[in-house]
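In UniProt numbering, the protein residues as written are 1 to 275.
What the hints contain is simulated information worked out from the structure, not anything from laboratory work. We put the beta carbon where it would ideally sit given N, CA and C, even for glycine. Where hints are given, some of them may not hold.
[Stated by the list, open to error] Straight-line distance between alpha carbons at most 25 Å, and here's what the computed SDA-like set of lysine to any residue pairs gives:
(1) Lys120 - Ile143
(2) Lys90 - Glu55
(3) Lys197 - Ile229
[Said to hold, decoys possible] Computed spacing ranges between beta-carbons, pair by pair:
(4) Ala158 - Asn128: 16 to 26 Å
(5) Asn59 - Trp198: 34 to 44 Å
(6) Asp12 - Arg216: 35 to 45 Å
(7) Tyr195 - Asn59: 43 to 53 Å
(8) Arg216 - Arg31: 33 to 43 Å
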Amino acid sequence: MRIAFASDLHFDVNQLDAKKLIQQQIDFLNRQEVDYFFVTGDTFNDFNKTLEYFEQFNNLARNTKAYFIAGNHDMVRGVKYYQLEEPQSKYYLHHKTLLIPDTNFAIVGNNGWYDYSFAKTRLNLTDNDYYHFKQTYWVDAVIDAPLSDRERFDRTLAQIEESIEQVQAVGQSNRHIILLTHFVPRLEFIKFTDYEKWNISTAMLGGVGLGELIDRYQLDYVDFGHLHIRTPDTQIGQTTYLHQPLGYRTKRRHEWENADFMTEFMQTTKIIEIN
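Generate coordinates for the entire structure from the input sequences, incorporating the hints supplied.
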């Protein structure tokens with residue numbers, strides 16, 4: 001069984017026509033004999049467009065099933081918090097588990113969130129300071145937020161733990177688990193610099209508690225997005241972390257290594273074999 005991971009496609013930010021690219025993506029995944037394709041957030045800046053993309057993908061694809069979780073950009077328009085917590089589509093994996101047939105693997109999906117704890121390892125600011133920075137400078141300021149960031153992160157941890165426990169229930173305790181989440185799962189992936197605004201913005205990248213939860217359950221794989229800094233497969237403890245975001249190709253931020261989307265997509269999509 002071959003499964004593929006991608007993140008941070010940002011079709012609209014990159015001014016790409018996703019409908020014209022879907023078949024090319026499907027053809028590439030077919031050539032690679034990929035059975036399952038997972039995208040860990042930031043497909044569009046509109047949740048409804050993301051839903052439409054995965055509906056179209058699965059209607060066209062014969063051999064590959066595609067699933068997604070939402071990143072912060074997907075949450076910017078077209079969706080409220082309570083809707084994100086509901087099963088909007090059979091292809092939407094937030095707070096869901098997916099047992100991969102004919103294998104000993106299970107997917108645990110969760111959008112994720114943050115609690116400012118990354119920044120707090122370096123900076124002596126209050127939660128109120130981080131919140132006001134977010135409201136002034138960060139795209140997340142427009143996301144529907146009935147909970148505080150700390151409450152939202154704590155709920156995320158509880159959901160992920162609940163999903164892991166479901167997978168490890170009687171008769172499934174030996175299953176290998178792959179966690180899909182958009183936000184950065186642990187502090188080791190955060191790079192601090194001399195630029196004050198960047199260091200403050202690390203508060204909105206994830207939370208220390210998720211790495212602790214992953215270590216406690218000794219998960220096999222974690223695939224995440226959001227950071228836009230590509231890293232090789234990284235082994236920490238018992239867990240392999242996968243992070244190859246496609247990212248931005250705009251006048252202000254040029255993160256691609258190639259001139260066209262499909263070359264970049266083929267280069268950044270991570271494929272692994274499971275059994």
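Evaluation of the provided hints:
1. Only pairs whose Cα atoms come within 25 Å are accepted, and lysine 120 paired with isoleucine 143 is accepted, the gap being roughly 23 Å.
2. Of the pairs offered as hints, the one joining lysine 90 and glutamate 55 holds, with about 9 Å between alpha carbons and a cut-off of 25 Å not exceeded.
3. Between lysine 197 and isoleucine 229, the direct Cα distance comes to roughly 17 Å. Compliance with the 25 Å bound is thereby established for this hinted pair.
4. For the pair alanine 158 and asparagine 128, the beta carbons lie near 24 Å from each other, so the given range of 16 to 26 Å is met.
5. Our hint of 34 to 44 Å for asparagine 59 and tryptophan 198 holds, since their Cβ atoms are close to 41 Å apart.
6. A hinted range of 35 to 45 Å for the beta carbons of aspartate 12 and arginine 216 is consistent with their spacing of about 38 Å.
7. The beta-carbon spacing between tyrosine 195 and asparagine 59, approximately 44 Å, falls within the hinted interval of 43 to 53 Å.
8. At roughly 39 Å, the beta-carbon separation of arginine 216 and arginine 31 lies within the given 33 to 43 Å, and the hint holds.
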